[in-house]
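Participant: One letter stands for each residue in the lines below.
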Amino acid sequence: MAVLAAVAVTVASGSIGLAIHQSTKSRQLYYGRVTARGDLADTIGSVRADQQVPASLVPPKLAAEALTTTSPVTFYDASYSPQPVMWAAQYVDGNLVVAQYPMASEQRDLEALDRHTFYAAAGTVAVLVPLAAFGAEFAGRRLRRAARTAHRIAAGDLDARIGPRGRAGDEVHDLSRAVDSMADALQHRLRTEQRFTADVAHELRTPLAGLVAAAELLPDGEATELVRDRVRVLRSLTENLLEVSRLDAQVETADFVAVPLREFVGETVADIGFEVQLSIEGDPVVRTDPRRLDRILTNLLLNAHKHGRAPIELGVSGGVSGSVSSLTLTVRDHGPGFPPDILAEGPSRFRTGAPERGRGHGLGLTIALGQARVIGARLEFGDAVDGGAIARVTLPRIPDPTPDT
Amino acid sequence: MTSLLLVEDDEVIRIAVGRTLERYGFTVTTASDGLAGLDRFREAAPDLVLLDVMLPGLDGIGLCRRVRETSQVPILMMSARGDSLDVVGGLEAGADDYVVKPVDTSVLVARIRAVMRRAAVDPCADPAADRPAELVFGDVRIDPGGLEVTRAGRPVALTPTELRLLLELAAHPGVVLERHRLLRDVWDYRWQGGDSRVVDLCVARLRTKIGAERIETVRGFGYKLRR
Chain A
1 MAVLAAVAVT VASGSIGLAI HQSTKSRQLY YGRVTARGDL ADTIGSVRAD
51 QQVPASLVPP KLAAEALTTT SPVTFYDASY SPQPVMWAAQ YVDGNLVVAQ
101 YPMASEQRDL EALDRHTFYA AAGTVAVLVP LAAFGAEFAG RRLRRAARTA
151 HRIAAGDLDA RIGPRGRAGD EVHDLSRAVD SMADALQHRL RTEQRFTADV
201 AHELRTPLAG LVAAAELLPD GEATELVRDR VRVLRSLTEN LLEVSRLDAQ
251 VETADFVAVP LREFVGETVA DIGFEVQLSI EGDPVVRTDP RRLDRILTNL
301 LLNAHKHGRA PIELGVSGGV SGSVSSLTLT VRDHGPGFPP DILAEGPSRF
351 RTGAPERGRG HGLGLTIALG QARVIGARLE FGDAVDGGAI ARVTLPRIPD
401 PTPDT
Chain B
1 MTSLLLVEDD EVIRIAVGRT LERYGFTVTT ASDGLAGLDR FREAAPDLVL
51 LDVMLPGLDG IGLCRRVRET SQVPILMMSA RGDSLDVVGG LEAGADDYVV
101 KPVDTSVLVA RIRAVMRRAA VDPCADPAAD RPAELVFGDV RIDPGGLEVT
151 RAGRPVALTP TELRLLLELA AHPGVVLERH RLLRDVWDYR WQGGDSRVVD
201 LCVARLRTKI GAERIETVRG FGYKLRR
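Those protein sequences? They're chains A and B, same order as listed.
Going by my numbering, the residue at position 246 of the first sequence is 246; the numbering climbs one at a time, nothing skipped.
Going by my numbering, the residue at position 28 of the second sequence is 28; the numbering climbs one at a time, nothing skipped.
Excised from the complex, chain A in its bound form (with noise of 0.2 Å):
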């Protein structure tokens, strides 16, 4: 931007320059050739057949001009010394007569012309140029800010805002405004919708719990076996989009601590309720949130149990014991593998892939990715070569707290 403003700038002034040095010049040559017309007429009035000029300085060409008419011919030199002059010159009575105008003033006034020509130039493009380019940088940075925040709430930052800046009226004002305005809209609509969804959890809830409590006083049979599967999987589905609601809402923060992985991989493992064979290397340790690692590995797991084959494999390797660098979590089952469209896109809620899938709900994989951010931790899904769906938990290290009170 900035750049072309200068070639313009530049242009600009260079051709009015030109044209005003051109005009000039032809003005004076005017006056030169009328002026030294007028002195020859003089010289052959008075003087008469008077050579004046010594021949050997009549530029031939102006003597050969001179040959073909009987009427006075000029020629400018702007090459004789030692300043340039106008010739005029006539044949009369077959004798060459010629007068000389010297043009060293007009030659001047030229040069001063165009000196002055060039500095007024060179000082409009020395103060246009610095004015055109910060103007030019100012609105780039401008609709840079506005492109870089809307990217931001693409990316899902909603509450990122242009914000209001500049004059009110220019484009990009206007511009930013827009996109502001736009980014409050579907903030406020996505605010509803999540606040909708929590409410319908919660309010799921009371009746809910009065359902699991009451279902425990059924007496054991395979008609109450098949209530409380059922009052079992609604609970899990009110409970998960309550935690999917809290995850979009992004108001959960992590609780980290030095967590032995043996020990709680242990612990989860324990509680799944199917066989999972675990394969941890060394003791590691390492800093994390243990209840949002849970949600993650269970979640895993049970998607595993639900749409892999058995075996199950649950691995822990990397990491030192004190100074983990990186320590992966790895689950894996032997199944038909992840669908595609989990590869490709990740996993979106209520979306099992295909139909044969089936039982889940879809929301066990949103949920893991979910805690998985809130615990700066790395999830990815990928097929075995020999076969099954394998999702890999990646753990950032956490620095040590300082204990400064």
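It is worth saying that the hints were derived from the structure and are not from the lab.
Take every hint as true, because none was put in to throw you off.
Here are some, though not all, of the chain A residues that point toward chain B, as calculated from beta-carbon distances under 10 Å:
(1) ARG235
(2) THR268
(3) PRO290
Derived DEER-like restraints, expressed as beta-carbon distance ranges:
(4) B:GLU69 x A:THR192: 38 to 46 Å
(5) B:ARG184 x A:THR224: 33 to 41 Å
(6) A:PHE134 x B:ARG197: 50 to 58 Å
We treat Cβ as the ideally placed atom computed from N, Cα and C, and that holds for glycine.
Chain A is fixed; fit chain B onto it per the hints.
Facilitator: Chain B in isolation, oriented as in the chain A frame:
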């Protein structure tokens, strides 16, 4: 036999949870609102109070505070919202722990038993009992045998949970104990359970009773008892 008072306004939950707990061998008294709950508490003098946070009339937090005016009985709150301020209010008012509704009977019974264990601290089983007769931290004196705590010579009334927390900190003088470790050792939670706010708020209550300067906070980490 452990007697408990259940204060819950939802009729189905009150009846079903009450009956279930009776099956587990508890003697259950129930009330459907805060003021009735306070009356029942005074009449029945239960070993434990299980109360809902949201109650008509006197709410759970208010009831908790009223009970604490006269009694150090274990109090377990039931909240429909584990993430809300209700929980913090209840813990500030003196509740020992909370559970989130809907709660599995097994979880509820485990919580009741954990808090009752704290109430029935057996001096012989306590590691602190092996120590010399008295532990002194500034003007606070702890008698691990008689389970008595005095501050500047005056006895301090502590709830069983507060006492267990103090004994745990006193057993490791000058050592920073992580909040999750305290959740495990005092509240009997495993890695997967427990809310560290329970520890924070119990420490806050303990501080008002034995002096704020006695317990040092190591931010983002835990607590230690200062001599």
